[in-house]
Amino acid sequence: MTIVPMLLMLLVGVPLANAAGLQSRGRLGVVLALGPAYLLGTAATAIVAIALLVVGVPVLPAFGLALAVVAAAGAFASSRAAPRQELGLRLTAPLAVALVLLAAFALLGAFVAASHPLQVWDAWSIYGRKAVSLHDSGGLDGTFFSDPANAIMHPDYPLLLPLLESVRMKFGAATNGAGTALLTWSLLVAYGWTLVCLLLPLTRWAVVPVIAFVLVPGVYQQALSGYADLPMAVFIGAGLVFTAAWLRTGSRKMLAAAALLLAAAACTKNEGVLAAAVVLFAAALVSGAVEGRRSREPLLALACVAVAVLPWHIWTARHGLHGDVPFSDGLSPSYLADRTARAGAATSSLVRQAFGPNWPLVLPTGIALALAAVAVRRLRALAVLHLLAGIGFFAVLVWIYWVSHNPIGWYLATSANRTVTVLAFIAMSAVVNLLATERVPQDRASGGAA
Amino acid sequence: VAERARVLTSVACVVLLAIVAAARAEPTISDLVRHLPERRLSAHDRATAGGRAVGVNADFVEWLRARNGPRATYWLAPASARTDAAVEQWVTYRMLPRRLAPTPARAAFLVWYGQPGSRPDVAGFGRPVVYAPGLMLARRRGAG
Chain C
1 MTIVPMLLML LVGVPLANAA GLQSRGRLGV VLALGPAYLL GTAATAIVAI ALLVVGVPVL
61 PAFGLALAVV AAAGAFASSR AAPRQELGLR LTAPLAVALV LLAAFALLGA FVAASHPLQV
121 WDAWSIYGRK AVSLHDSGGL DGTFFSDPAN AIMHPDYPLL LPLLESVRMK FGAATNGAGT
181 ALLTWSLLVA YGWTLVCLLL PLTRWAVVPV IAFVLVPGVY QQALSGYADL PMAVFIGAGL
241 VFTAAWLRTG SRKMLAAAAL LLAAAACTKN EGVLAAAVVL FAAALVSGAV EGRRSREPLL
301 ALACVAVAVL PWHIWTARHG LHGDVPFSDG LSPSYLADRT ARAGAATSSL VRQAFGPNWP
361 LVLPTGIALA LAAVAVRRLR ALAVLHLLAG IGFFAVLVWI YWVSHNPIGW YLATSANRTV
421 TVLAFIAMSA VVNLLATERV PQDRASGGAA
Chain U
1001 VAERARVLTS VACVVLLAIV AAARAEPTIS DLVRHLPERR LSAHDRATAG GRAVGVNADF
1061 VEWLRARNGP RATYWLAPAS ARTDAAVEQW VTYRMLPRRL APTPARAAFL VWYGQPGSRP
1121 DVAGFGRPVV YAPGLMLARR RGAG
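These protein sequence lines are chains C and U, in that order.
305 is the number that the working numbering gives to position 305 of the first sequence; each next residue is one higher, with no gaps.
1111 is the number that the working numbering gives to position 111 of the second sequence; each next residue is one higher, with no gaps.
Each hint can be trusted.
Chain U regions said to be covered by chain C (calculated; three or more residues, Cβ under 8 Å):
1. 1035 to 1042
2. 1046 to 1058
3. 1096 to 1107
Derived contacts from chain U toward chain C, CB cut-off under 10 Å, selection only:
4. V1001
5. E1003
6. R1006
7. T1009
8. S1010
9. V1011
10. L1016
11. P1027
12. I1029
13. P1070
14. E1088
15. T1092
16. Y1093
Derived from the structure by calculation, the hints contain no laboratory data.
From a predicted model like this one, the values you see are computed outputs, not experimental measurements.
The C-beta atom is built at its ideal place from N, Cα and C for all residues, glycine as well.
Sequences are here, hints too, so could you generate the full structure?
This is the structure we're talking about:
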């Protein structure tokens, strides 16, 4: 029963994936589209459900209504979608073996995640606590979120993860948090599936980095932890992959899918808003270098992201809930100048983590491929998009540590290993996108344009 | 030249990532397999794993949950329990939907999470029920 909400989000995501032009003809085409369908369905359902929660709709009706809205929107968009195209992929024996191994790994992880206890501090104290409150009170309880006894749970953090977990609790999941990882693990699986769906038809080699990536400790261990950093990174990483697909093909449907996923990232963690802005500003900057791409399109996508997070931020402002990042101080040159040592400490710690044993060769390969592609005219925009996204988000992280009031040593020691996760997902997007340039079938390169 | 350099970089990156995949396969799968016995854990063990991981007596908190209704409010004492982040956060998380009262006077019961040998010293609560030395529960005096 506890996987029913996840299956429902997959179901309403199928027409969204179809509308985005992700479903190709044939059984393999339909199966490959299930990964992005799950991500899109989850993103859309959670965004709508959070907006409904904020206006006072209880958890289960909000989830049900959100499913209905997304299903209707998906069916409408899907009815206007172009006919499905050929997949352009022949399932060779080595490729089939690689996909079966990936599927076996996904199942093993799901088997573990389904009973894994919620052990990691922030996972139970922040996200578990909110999920239990949503489950017990049946909706958003302003007195709970403003209670000083719960201030340690960062009441202003967005609700995507706690909301979805509370829905699973309504469907019978344990309220003690055991099995929460099934949700985060499923998002990781859908991310890998999305890379395979989007990029395997362009190059079979894309399967190698996907296998390596899911096996590194920074990825699979976090998927079992219950932290929100990995789900946010999944949405940012997939959003960047779709943004790159827009840049490559000109398909506005790809950019719409990117906006939806980036909005979900912004509804998962506060940094998600900044990461989404970095990705879409980078896309706007490089769009001028590609014929037929307009910079106003990613900026419009950014406006959609802002609209998606607005209900939650209005609710938190109305209840006097503020984050611990002092944004106004953080733009003051004198404030920044007084604490430059923090910037240095943050930079060295983040670099150490990003290039450390949790992410073996992930960032170096992403950077190497992007730098090599910058020199090639036809790939320059794609490479610069990833370099700007990576550098931009790194700068955002340094700035957050720089301006925060938290003791820097403690802050870095307890979070730097997780906050670099988005950088690894940006690097992975660079790797698969820049490998997938050897052969671009004409039907995909032009046929997807809206 | 640039295209050739890029293709060589691509090949090198695929080879390196294949090596990463080969090197990580065994430790990652072993790590996941190591977690499989968690399926046989009792509901109690799953519920207390997070508290035990941060050094809290999580069994005591489950004992408290079993003895107080979901609407009851409580006060956490002594002061050291409220300043110990692990104790304060685990207790307020697992006791949900029971809420920590803003003052002892508004609490229906007292959770005493002290050192062995310590005794509750908060006015207004009755004789404590001892779970273990230093870990006690006391109800508001006069409450049914």
